[in-house]
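Same order as they appear, the protein sequences are chains P and S.
Count the first sequence with the numbering used here and you get residues 37 to 283, in order.
Count the second sequence with the numbering used here and you get residues 25 to 212, in order.
Don't take every hint at face value.
[Unchecked claim] Listed below are the simulated DSSO-like cross-link pairs for lysine-lysine, each with C-alpha atoms no more than 27 Å apart in a straight line:
(1) K200(P) / K80(S)
(2) K28(S) / K80(S)
(3) K203(S) / K200(P)
Since the hints were made in silico from the structure, they are not lab data.
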Amino acid sequence: MAGLFTADIENRGLVLDPRTKLAVMITLVVFALGGAGSDIQAVAWATIALSGLPILLLATARQWSKAAVFGLLYAALKSAELLLVPHLSGAALSVVGVCCLIFVRLMPSLIMGAYMLSSTTVSEFIAAMHRMHVPQQITIPMSVMFRFFPTVLEEFAAINTAMKMRDIRIGGRNAGKLIEYRLVPLMVCSVNIGSELSAAALTRGLGTSVRRTNICKIGFHAQDIAVIAASAAVYILWMLGLTGVVK
Amino acid sequence: MKGKDLINIGIFSAIYFVIVFIIAMLGMIPIFLPLLSVLVPIFGGIPFMLFLTRVKKFGMIWIMSVIMGVMMLLTGMSWPPLAVSVFSGLLAELVYRSGRYQSAAKAVITNGVFSLWVAANYLPLFFNAEKYWASRQNYGQDYIDTVTKLMPTWMCPVTFAAAFVCGIIGGILGMALMKKHFEKAGIA
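So that you can see chain P by itself, here it is in the shape it has in the complex (with noise of 0.2 Å):
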C-alpha cells in the first residue's frame, strides 16, 4: 500500500506508455469483469489469457514477488473454479462459489491496477493526462492527491502506534474510540501539512493559467504496440465471435 504511484525509477525494467496501461486496463475491465462475450468460447479462453498479461507486466517490470503471488492466487482461483466448483454442493458450494464468482472477476483487472500503481511514476501519468486533454481542474487534484498519500499513510501509521501504546485497538480497554481517536488527529495533521503543502505548491506556480510543461518523455514504442496489439485481438475475435465466424 505504501508503494502507491511510487515507482523505483532506477529499476523498472520495461516502460510502457500510461495511455497504454490504460488500454489494457479497459479491455480487462471489459471481459475479465464485465464478462462480455463469455459465452463464445474462443473468447473465454482469449480473456483467460489476456488475465495473465498484467501477471507478465508485473514480471517485466521486475516485480517478482508481486507477480509470482498474484499468478499463483490467480491460477488457483480460476482452476478452482473450472474443476472444483462442479463437484461442491450446499455450504462448500456456496463459499468457494462465490469467492471464485467475485475474485476470478475482479483479479484480473486489481492486478493491473497494482502493476499500474507501481510502475507509473506521478509525472508520467500527469503527462499523460494532458496528451488526452483531461482538464486542469483535474489534474492538478490528482497530483496533489498523489503527492499526499505517502504523507497521510506515514501519520496514519505513527497516530496507530501512538493509539496502540494508550490500549486503544481492538481487543484492548479502550476499542471504543478506536476510530475516533485515529481519524481526528490524522485529519487535523493533514489539513496543517496540506496548507504548508499547498503554500509550497503555489510558489512553485501551480493553479497559474498558463500552460504547465513537462520533462517527462512518454510515448508509444514496440513494447507499447505489442501489448496494444494483444488487447485488440480479444476485441476482434469478440467482433468475430458476434457475427459468427468463430465459436
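Starting from the known structure of chain P, fit chain S onto it as the hints suggest.
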C-alpha cells in the same frame, strides 16, 4: 476556482481515498464485501464533512467525486463507479449549493448523495448476470441457485439505498466530531 481550492480537493481526496482503501482491504474477505457501501459512507463522512467547510465555489465536490471515479478505474474496479460519480457528484454539488455552501443540514444530505459512487462498485457484478450464467451452465444449477440466492438482483438498488442512508449517518457523525474537535482546534 483558484489553485488553492484545487489543492484542497487533492488533500481531502487523499485522506478520503486512504480511508476507502483501508476499508476496501476488509472487502477482500467476501463477507465484508456488501458492507463496503455501509462502512465507506460512514467513515468517509468524517473527512468529507471537514472538506465541505472548505467548499465555497461551484465544482469542488463534483471534481472530488470524479476523482474518486477515476481512482476506481485505475485500481481495477471498472468504469460504472466513474459513470455514476460524474452524476452523483454534480447532484451532491447542487444540493450543497442550494444551501449556499453553509447549511449544515444540506451538508449531511450532500454526504449521502456523494456516497452513491461507492455502491456503483457492485454494478459490474450484477451487470449481464444472465448472460454470465448462460455461459456457466456446466457448473450445474446448484451453483447458479446458490449464488443468485446470495447476490440477488434486488440487492443492487438496496446497496445504493444503503450508501445513501449510511452517508447521512456518516454526515451526522462527521458533524458531531467537527463540533467536538475541529471547531475547538480552529480548523473547521
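We went through each hint and held it up to the structure:
1. K200(P) / K80(S): Not satisfied, since the Cα-Cα distance of roughly 38 Å exceeds 27 Å.
2. K28(S) / K80(S): 12 Å, holds
3. K203(S) / K200(P): 25 Å, holds
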